[in-house]
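Q: Spelled out, the chains give:
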Amino acid sequence: MKRVAIDVGGTFTDCLVLDESGILQSFKSPTMPQDPSTGLLRALEKAAGAYRQTLAEFLGQVGAIIHGTTLATNALLTGRGVETGMITTKNFRDIIEIRRGIKNVNTSMYNFFVPPYRPLVPRRLRLGVEERTLWNGEIATELDESEVLQAAEQLRAKGVKAVAVCFLHSYANSANERRAVEICKTAMPGTHVTASHEILPVWREFERFSTTVVSAYIGPIVDDYLAELEKRLGAAGFRGTLLMMLSNGLTETATHCRSRAVFLIGSGPAAAPSAALHLGREMPNLNLLSVDMGGTSFDIGLIRKGEIPTTTEAWVGDHRVAIKMVDTRSVGAGGGSIAWVDSLGLLRVGPQSAGADPGPACYGKGGMEPTVSDADLLLGYIPDDYFLGGEIPLDAKLAEAAVKKVGDRLGLSVTETTQAIFTTVNSYMADSITGVSTKNGHDVRDFALVVGGGAGPVHGVFIADLLGIRNVIIPPVAALFSAFGMFVKDVGRDFSRPYFSPASRVDPDRVSQLFREMEEDARRALKAMLASDSSVVFTRTAEMRYSGQFHDIEVPVPGGDFTRQTLGATIDAFHARHEELYTFRMPWKEAGFLTFHLKATVQRAPFSLRSSRGTGNTSRAIKRERRCIFSGEQVKTPVYDGEKLGGGDELYGPAIIEERTTTVVIPQGYRCAVDGLRNYVLNRSS
Amino acid sequence: MGNTKIDPVTLSTVWHTFQRVCHEMRDVLERTAVSYLIGQLHDNSVGIWDARGRTVAIPVGLTSQFVGSKFPVQFILERFKGNIHSGDVFLTNDPYNGGFNNHLPDWGFFRPIFFEGELLFFTLCRAHQMDTGGSFPGGYFANGFDIHAEGLCIPPIKVVEQGRERTDVMELIWNNVRFRESVRVDNASMIATTKVCENRLQEMLRHYGRDVVMACVDEMMDRTERAVREEIRKIPDGTYYGEGATDDDGTELDVPVWVRVEVTVAGDEISIDFSKSDAQRKGFINQVYAATYSASIGAMILFFDTGLVDYHNEGTMRPVKVVAPDGLVVSGTYPATVGGGPANITERTLDAMYMAMSKALPHRAIAGWARHRGDYVFGIDPRTSQQYVRTTFDYDGGAGAVAGYDGYVGAVIMGAVHRGNVEEEEVRFPWRMLKYEIAPDLEGAGKWRGAPGTIWESANEGAEVGMATGSSDGELTTGAGVLGGQPTPLSEAHIRRGSELILARGHRMHRVRQGDSVLKVSGGGAGVAPPGERDPEKVSEDVANGIVSIGRAREVYKVALDPDTFAVDREQTEALRRAGP
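Protein sequences appear in the order of chains P and V.
Using our numbering, the letters of the first sequence correspond one by one to residues 1 to 686.
Using our numbering, the letters of the second sequence correspond one by one to residues 1 to 581.
Please note that the accuracy of each hint is not assured.
To spell it out: a stretch of chain V is covered by chain P in this simulated footprint if at least three of its residues, at any positions, have a beta carbon under 8 angstroms from a beta carbon of chain P; those stretches are [as the list claims (entries may be wrong)]:
| no. | region |
| --- | --- |
| 1 | 186-200 |
| 2 | 244-254 |
| 3 | 310-323 |
| 4 | 422-428 |
The set of hints was computed from the structure by calculation and includes no laboratory data.
Note that the Cβ used here is the ideal one computed from N, Cα and C, for glycine as well.
Required output: the full structure, derived from the provided sequences and hints.
A: So, in structure tokens, the structure goes:
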């Protein structure tokens with residue numbers, strides 16, 4: 001059977017196919033924002049064409065499609081969700097608007113000149129109903145069902161397409177929320193109804209309500225899309241499983257995702273660290289930095305000892321989304337990032353981007369501002385005739401005119417300005433990486449840099465150089481980095497059980513019981529997702545804190561029966577992790593447990609990419625030479641055709657490798673070894 | 001060292017590193033502290049100074065807690081000369097005797113940062129403690145006899161000596177505060193926060209070298225100074241007056257106390273002169289000069305190019321003189337009580353500055369923010385039999401308007417602090433929240449209106465408790481609207497006992513019995529420019545959202561709306577607006 005990964009991005013749909021012979025093929029086709037399922041099927045048609053098959057023949061041989069999409073993220077960020085209503089506990093209808101007094105998170109406290117937050121549900125569509133659940137789960141006031149009915153009818157009359165039901169303390173007892181959902185579903189057929197206990201059953205109502213409202217707001221869009229996609233794939237002959245890439249780095253069936261849209265936020269970028277982990281699996285310690293530099297953003301993921309980190313602290317745009325998400329940081333730096341001069345006379349690059357339209361000045365589509373891609377072109381790094389395999393011709397004259405504008409303000413020549421833009425954006429990216437790594441107390445020099453994105457391979461080595469990173473890995477599919485991540489990922493699901501207790505009062509038998517329950521749940525759920533029992537791998541963790549703290553640390557829990565020894569080991573791991581993260585531990589203060597987690601993953605059936613062997617004579621792969629600028633000096637640089645390189649080949653900078661979808665720049669002093677899967681592994685040659 | 005060449009990229013990276021480290025420090029504190037006020041509400045501040053006591057980075061905090069902390073740094077440098085070592089940590093909370101602090105609950109841990117044996121920087125982590133001793137928990141009670149009655153006064157002392165905690169000294173301190181174990185955790189967390197700063201700055205120094213980093217520091221200050229002078233030059237020369245009053249000083253009741261400022265701009269320099277403010281009071285609302293300095297600088301910054309917001313430092317302060325002769329309410333001297341200073345006089349200092357600066361720069365006008373409506377409740381939680389102290393910012397209104405935007409809903413203290421969650425408060429404290437919503441018709445009206453007010457009610461499910469309302473203001477006095485905008489509406493609070501409503505005034509002490517509830521109806525922020533100039537569509541939206549009533553739309557905003565659809569009646573609106581106020 002073939003396996004397919006499809007990442008639908010803002011501009012391109014990336015499709016990777018692994019066939020029975022172990023050959024990995026990549027296809028890129030334009031995304032159709034108005035009709036994404038058609039765009040996706042076109043990409044599949046393109047793939048089928050490459051196998052000289054009809055779509056039906058091709059799909060008939062596909063066992064699973066793993067799919068990531070920016071649909072949810074984009075609907076939220078561009079404000080294109082649906083009219084949404086909220087039914088909430090009476091006297092508390094402004095939780096999502098007051099939002100704990102948090103002013104715009106993206107701006108300094110000294111900036112008062114920002115518009116107030118506009119909640120996704122305006123106040124007139126937030127309706128309170130009589131009900132009250134307490135912190136201990138006790139129902140103090142029964143749900144007033146007639147008020148719910150009235151509210152539902154009022155919202156229906158106002159034309160809402162989605163409703164979020166958000167009651168206080170519903171994480172402790174969801175009875176009132178569940179009943180309200182039933183009433184709404186009956187009273188407003190066809191409306192997308194979501195309750196807070198279904199989306200995020202944990203305490204702290206602002207975070208839970210906000211996340212639930214986000215899910216409702218984008219819910220119908222995701223639901224319609226997935227329903228349509230399942231239908232069309234079925235009609236086109238697909239009989240396999242459609243799995244969605246989730247924000248937490250796991251995958252789930254499309255059917256499961258239809259009522260939980262918020263879990264598709266960041267679907268796509270969440271897969272990038274998996275790509276890095278796969279590519280860097282032979283690096284010592286599995287300490288890896290996953291970077292993905294596209295047109296407008298630079299996504300960073302830090303993998304420590306093979307662990308892909310997650311967070312529950314995310315903001316998406318100006319909205320709080322508190323589900324567990326793969327902790328990638330995105331900063332405004334990409335090929336389209338615009339260079340400008342600020343009021344302190346400093347050269348800045350980004351976060352404004354020329355995007356895909358008009359795009360960088362060199363695209364000749366009307367862009368007047370100098371961008372990173374313009375600098376890359378003027379430095380000779382990217383070809384004017386082979387950008388996306390020649391699909392987009394680039395114009396150096398236009399790039400030069402745009403760069404000159406900024407150069408004049410800085411009193412620098414075009415070449416100096418070009419170099420300054422290149423160095424500035426690299427420093428900014430390097431600094432952002434430091435922000436992610438050092439924030440967790442890690443020395444970035446202990447990591448290998450795994451580079452993805454169309455623009456990443458141009459800048460990767462320079463970023464590594466600034467950070468003192470020794471090893472850089474660039475795959476030939478760098479431009480389809482997230483799709484590759486989906487492809488190599490394990491399938492799985494997270495399970496959790498609350499267990500509030502100080503460490504001294506934990507009952508080990510009870511904990512063993514909780515883990516057994518979760519393992520049973522997991523086996524059942526994974527069976528539905530095409531896995532046999534034997535290949536399921538369980539990872540146990542506990543959320544712990546010193547009693548009284550407001551945040552938890554997730555620490556590993558050994559497998560097997562949970563005994564006194566296991567408890568001791570877990571507590572020791574907590575103290576150590578606290579010190580590692582925050583520089584101190586408090587042995588005199590009791591630690592406590594909050595939640596036990598089980599992550600169940602199914603190892604993917606092993607796959608083997610067909611390996612390639614180089615000829616050893618790399619000069620045959622040279623397609624031309626061109627003048628590039630390295631550190632301000634013009635250097636005649638050989639340009640290699642990536643497809644003609646193979647395992648065992650080695651070359652030395654200065655050199656350029658052109659792939660259809662990206663360009664690898666190797667500066668002087670660097671050695672590039674090609675491995676058996678045609679990945680480029682670069683390090684300092686001296 | 002003077003001719004070390006620095007390239008713009010290094011400068012920019014070093015600059016941003018200082019800022020980022022401060023944000024990281026606050027993250028570490030939030031993640032490890034146990035005080036609700038520190039961990040969830042963010043009543044804390046951090047910053048970085050150099051070894052000459054010059055301000056390097058002050059990106060986030062409560063202005064009066066840290067903007068002017070160069071004064072204690074300079075004092076420590078002088079007093080401990082020859083006795084400052086790597087691994088030392090100093091603690092102080094004293095407004096007097098070299099502490100230059102705003103009030104006693106805000107303890108500050110200062111750490112000197114060395115590189116290759118040389119003292120280069122200081123960092124500070126300051127946070128409002130769960131308790132600081134004194135007559136009542138929380139530190140916001142009126143009528144202390146003098147500063148000593150308000151709690152433990154700790155002048156700058158060494159509490160960690162070359163990496164070793166001076167446990168006997170800390171034991172003495174913890175033994176004199178309530179909730180000693182929790183305070184101990186918070187102190188460990190604060191000290192660790194300064195350690196994180198040391199680690200990060202040393203990494204940076206190793207990477208770029210001492211000379212390059214120090215040359216960047218000079219360059220940062222020079223660039224900021226040039227940019228700030230440029231901003232000041234844009235202001236027409238002249239003297240601009242502003243004022244603000246707190247309801248009373250908690251001792252002499254119902255007599256407002258005034259902060260008055262004259263901001264004089266001459267060329268590229270500013271003098272901020274508080275000489276006309278009221279004299280220092282017996283009551284607890286006094287503020288020391290360092291806090292006045294901090295609030296003045298913090299307020300002034302808001303009026304400059306927002307492109308500079310992340311880059312303020314010593315250079316910002318060089319063209320500015322803050323004048324306040326000793327003995328005023330903005331320059332209190334020993335033994336004046338200062339417990340209520342931050343929530344009252346500091347906030348009024350900001351109000352006065354907004355009013356004056358808005359006259360100087362009308363296109364950057366900022367109206368007064370909602371008054372604090374705070375209280376500190378102390379009692380026993382029957383569920384655990386443990387003592388607790390509770391405060392929150394939930395009952396406050398939000399931000400004042402600015403030229404161009406309505407006030408930010410819910411924001412408190414420049415947005416540097418946060419509110420709590422109902423669920424978390426109910427888990428932590430024996431109170432049940434009855435209501436927490438936007439209060440209609442309590443916004444300071446304007447072309448750009450203030451954030452709406454808040455209505456808040458919570459019932460005491462524990463035994464009888466004390467409630468100190470020292471951080472409540474705005475029952476007699478208002479924050480100014482600017483350019484014709486309306487002021488912050490007045491606020492009030494009551495204790496509900498059965499069917500009875502008992503007035504619960506600010507700056508006083510109250511008892512709240514089991515089963516009583518506390519009801520606060522709080523005014524929102526003030527407005528900018530006359531309400532009759534507000535876009536009628538925005539008024540319609542406010543009415544649809546229940547923030548403004550249809551009657552108020554007509555009377556105050558001069559907008560006529562259809563009572564069913566809230567659509568704007570253009571003709572009638574024009575007629576109302578022609579008729580004027």
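Q: Taking beta carbons only, do three or more residues of the region 310-323 of chain V come closer than 8 angstroms to chain P?
A: The restraint on the region 310-323 of chain V holds, since 3 of its residues have a Cβ under 8 angstroms from chain P and three suffice.
Q: Given that the region 244-254 of chain V was listed as covered by chain P, double-check it with a C-beta distance under 8 angstroms for 3 or more residues.
A: violated (count 0)
Q: Count the residues of the region 186-200 of chain V whose CB lies closer than 8 angstroms to any CB of chain P, then report whether that count reaches three.
A: holds (count 8)
Q: Taking a Cβ-Cβ distance under 8 angstroms as contact, does the region 422-428 of chain V have three or more residues in contact with chain P?
A: holds (count 5)
Checked against the numbered hints listed earlier, the structure breaks hint 2 alone; every other hint is satisfied.
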